[in-house]
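Read top to bottom, the protein sequences are chains V and Y. The first sequence: position 317 = 317 (UniProt numbering), numbered continuously. The second sequence: position 205 = 205 (UniProt numbering), numbered continuously.
One or more hints might be untrue.
[Claimed, not checked] Facing chain V, from chain Y, some residues (calculated, C-beta under 7 Å): (1) F89; (2) C121; (3) R124; (4) Q284; (5) E332.
[As the list claims (entries may be wrong)] Derived, one-sided and incomplete: chain Y residues facing chain V with beta-carbon distance under 10 Å: (6) Y79; (7) L92; (8) L93; (9) A120; (10) A148; (11) Y162; (12) T176; (13) L177; (14) Y221; (15) E329.
Everything labelled a hint here was simulated from the structure, so no lab data went into it. Note that the Cβ used here is the ideal one computed from N, Cα and C, for glycine as well.
2 protein chains.
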Amino acid sequence: MVPKTECVGIELSDRSYDIVIGTGLLDDGASLDKLPAATTALVVTNPAVSKLYAARTLALLQRKYRPVLLIELPDGEAYKDWTSLNLIFDRLLGAGCDRKTLIFALGGGVVGDIAGFSAACYMRGVPFVQIPTTLLAQVDSSVGGKTAINHPMGKNMIGAFYQPLRVIADLDTLDTLPERELSAGLAEVIKYGPIADDAFLHWIEANLDALLARDKAALAYAVKRSCEIKAWVVGQDERETGLRAILNFGHTFGHAIEAGLGYGEWLHGEAVGCGMVMAIDLSQRLGFVDAAYAERLTRLIERARLPIRGPALGAERYLELMRVDKKSEAGEIRFVVIEAPGRAVMRPAPDAMVRDVIAAHTA
Amino acid sequence: MVPKTECVGIELSDRSYDIVIGTGLLDDGASLDKLPAATTALVVTNPAVSKLYAARTLALLQRKYRPVLLIELPDGEAYKDWTSLNLIFDRLLGAGCDRKTLIFALGGGVVGDIAGFSAACYMRGVPFVQIPTTLLAQVDSSVGGKTAINHPMGKNMIGAFYQPLRVIADLDTLDTLPERELSAGLAEVIKYGPIADDAFLHWIEANLDALLARDKAALAYAVKRSCEIKAWVVGQDERETGLRAILNFGHTFGHAIEAGLGYGEWLHGEAVGCGMVMAIDLSQRLGFVDAAYAERLTRLIERARLPIRGPALGAERYLELMRVDKKSEAGEIRFVVIEAPGRAVMRPAPDAMVRDVIAAHTA
Numbered sequence: 001m002v003p004k005t006e007c008v009g010i011e012l013s014d015r016s017y018d019i020v021i022g023t024g025l026l027d028d029g030a031s032l033d034k035l036p037a038a039t040t041a042l043v044v045t046n047p048a049v050s051k052l053y054a055a056r057t058l059a060l061l062q063r064k065y066r067p068v069l070l071i072e073l074p075d076g077e078a079y080k081d082w083t084s085l086n087l088i089f090d091r092l093l094g095a096g097c098d099r100k101t102l103i104f105a106l107g108g109g110v111v112g113d114i115a116g117f118s119a120a121c122y123m124r125g126v127p128f129v130q131i132p133t134t135l136l137a138q139v140d141s142s143v144g145g146k147t148a149i150n151h152p153m154g155k156n157m158i159g160a161f162y163q164p165l166r167v168i169a170d171l172d173t174l175d176t177l178p179e180r181e182l183s184a185g186l187a188e189v190i191k192y193g194p195i196a197d198d199a200f201l202h203w204i205e206a207n208l209d210a211l212l213a214r215d216k217a218a219l220a221y222a223v224k225r226s227c228e229i230k231a232w233v234v235g236q237d238e239r240e241t242g243l244r245a246i247l248n249f250g251h252t253f254g255h256a257i258e259a260g261l262g263y264g265e266w267l268h269g270e271a272v273g274c275g276m277v278m279a280i281d282l283s284q285r286l287g288f289v290d291a292a293y294a295e296r297l298t299r300l301i302e303r304a305r306l307p308i309r310g311p312a313l314g315a316e317r318y319l320e321l322m323r324v325d326k327k328s329e330a331g332e333i334r335f336v337v338i339e340a341p342g343r344a345v346m347r348p349a350p351d352a353m354v355r356d357v358i359a360a361h362t363a
Numbered sequence: 001m002v003p004k005t006e007c008v009g010i011e012l013s014d015r016s017y018d019i020v021i022g023t024g025l026l027d028d029g030a031s032l033d034k035l036p037a038a039t040t041a042l043v044v045t046n047p048a049v050s051k052l053y054a055a056r057t058l059a060l061l062q063r064k065y066r067p068v069l070l071i072e073l074p075d076g077e078a079y080k081d082w083t084s085l086n087l088i089f090d091r092l093l094g095a096g097c098d099r100k101t102l103i104f105a106l107g108g109g110v111v112g113d114i115a116g117f118s119a120a121c122y123m124r125g126v127p128f129v130q131i132p133t134t135l136l137a138q139v140d141s142s143v144g145g146k147t148a149i150n151h152p153m154g155k156n157m158i159g160a161f162y163q164p165l166r167v168i169a170d171l172d173t174l175d176t177l178p179e180r181e182l183s184a185g186l187a188e189v190i191k192y193g194p195i196a197d198d199a200f201l202h203w204i205e206a207n208l209d210a211l212l213a214r215d216k217a218a219l220a221y222a223v224k225r226s227c228e229i230k231a232w233v234v235g236q237d238e239r240e241t242g243l244r245a246i247l248n249f250g251h252t253f254g255h256a257i258e259a260g261l262g263y264g265e266w267l268h269g270e271a272v273g274c275g276m277v278m279a280i281d282l283s284q285r286l287g288f289v290d291a292a293y294a295e296r297l298t299r300l301i302e303r304a305r306l307p308i309r310g311p312a313l314g315a316e317r318y319l320e321l322m323r324v325d326k327k328s329e330a331g332e333i334r335f336v337v338i339e340a341p342g343r344a345v346m347r348p349a350p351d352a353m354v355r356d357v358i359a360a361h362t363a
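One chain only, chain V, in its complex shape:
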């Protein structure tokens, strides 16, 4: 059954916007309804996504904007840097784009992060729209307004909180997603269970096979519920001063894996999947959840075809990488731990305990 179009509203006073979730959205002029009129639009994408969806996206945008420019950035987290960002600025300035130009991010999280940050900075801010084409981007990167590029000394270190005008999540684009990326997206879907909604975790356990088979109805519900939970968290804490940090469950270990291996070796979602295995073990060692719950979450991550053992970087290297995490304060690493099924909190942990966790879950 093809689900009808769903809509999740993100309430942030004057920066509120809608996430439209459905099928056929890339061919439907209604996807652009009420977006501001502007002469020029720029689509930011990468070569792989461009080959699949640029023609349809350009046709859609040409109904409303002219000219519609396109820029392809090299693919992958390793290119989410100042050099790529500057390619966007060069293109915008070269084409004489003014501050009413709309920027459309067509692709996954990397494209969304860099296109969003370019929109935040170009002439001190131009409007932008996300068209996420990966499950990860649909459930995570396109919600909450985080944009950034990487610095050689840390991931997402340079960025801005900047909200899109709209997110257009066309589930049809998930048909062409490589299997590894589908699993990476499921890592973030699974995450919402332990941090906020135990019933959702049960639903994922029951529907994981349908999700892996890319059933549209199952995907529609997973994307919608994930966005609702993230919207609820972000709506209470737009600038990550407190609660919002729980969305980083699995990310402290995960970022260390990504940085330690070099960005792009593991997909972000793969690192988060493995990071959640480590973080739930830490939660258990800190006395919050029992072994059965930790085992249950670990099995689900494994069933989603995600790695559950981290690379052997050595515990000291993990600790060093985690200390520069943005959530650290005065050198103390703060972990998102599960206090009880569906409830997360931030906690420090003794280095020795963290070393034990790393030893238990690395190759």
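Please arrange chain Y on chain V, whose structure you already have, making use of the hints.
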């Protein structure tokens, strides 16, 4: 007479802040009252300002923060670029600075713009405080939250609207200001008369000699009234969607002069001074103000020791440079013109008329 400390409040809901204006502020611990506690502070400055004021600023900050780091960026508009910005990020990351680190901008507009933009982007935003040491920065750059770096294709093209926690305007720092920079600052002071307050223009005419002699009472009033007017404008239009653009009186021509000569040849205020001469002539040709008013403003700019003739770049080059101005829309240049003494509006103008204005006021 040494004036007592004045305070101008900038009301921007959750981003409101105070501009503290007075003498002896760099040696007064009260200047830091109510700023957030943080372990680390970073002072961003340039070699010339550092030599004069770094020791006192570090001593002040060490009362509250530890460690207090210092970074000197190369001086001048030509260095307000990504390379300098990245020196700040390298320093912050190298010292393990977290998202609670405070950044202090000690210097003029260039330091304020780049330090402010680094604060806006570092870990998606850390708090910052402006300590403007030039008249221009005290009356203009430190009010309104505009931060930016330059792009080879245009000035201030990459930036953010980001408000400081406080502005500490110590008038004593103006004692060491080179004469050219004092005059450049007066250009922005004078600007507030035609765009918003004819009585203030009369006051400046009557007190220009005292201002040029760096009389503290005169400077205190000029800084305070300038900040009040800018605060009133910015408070109504934080993100420059309408009214705020009037603050750019003289800036469209001025930016063309700066870009055409290469940034750093003329001081920003010098270019704005000359740009106001052109813009008031355009206002007259468009039928808004009479010749006597245009002459009156031009004479005041000249008395402030500012250039009133622009460089001979050629009219076409001026037009080309003005078309990439951020205020342009769809290639149409929009000028801030004086509708009547104390009132400004945005208007396009025929190219032929703009060419005549340029011809009349270039060497």
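Quiz item: Which hints, by number, does the structure contradict?
Solution: Violated: hints 4, 5, 6, 12, 13 and 14.
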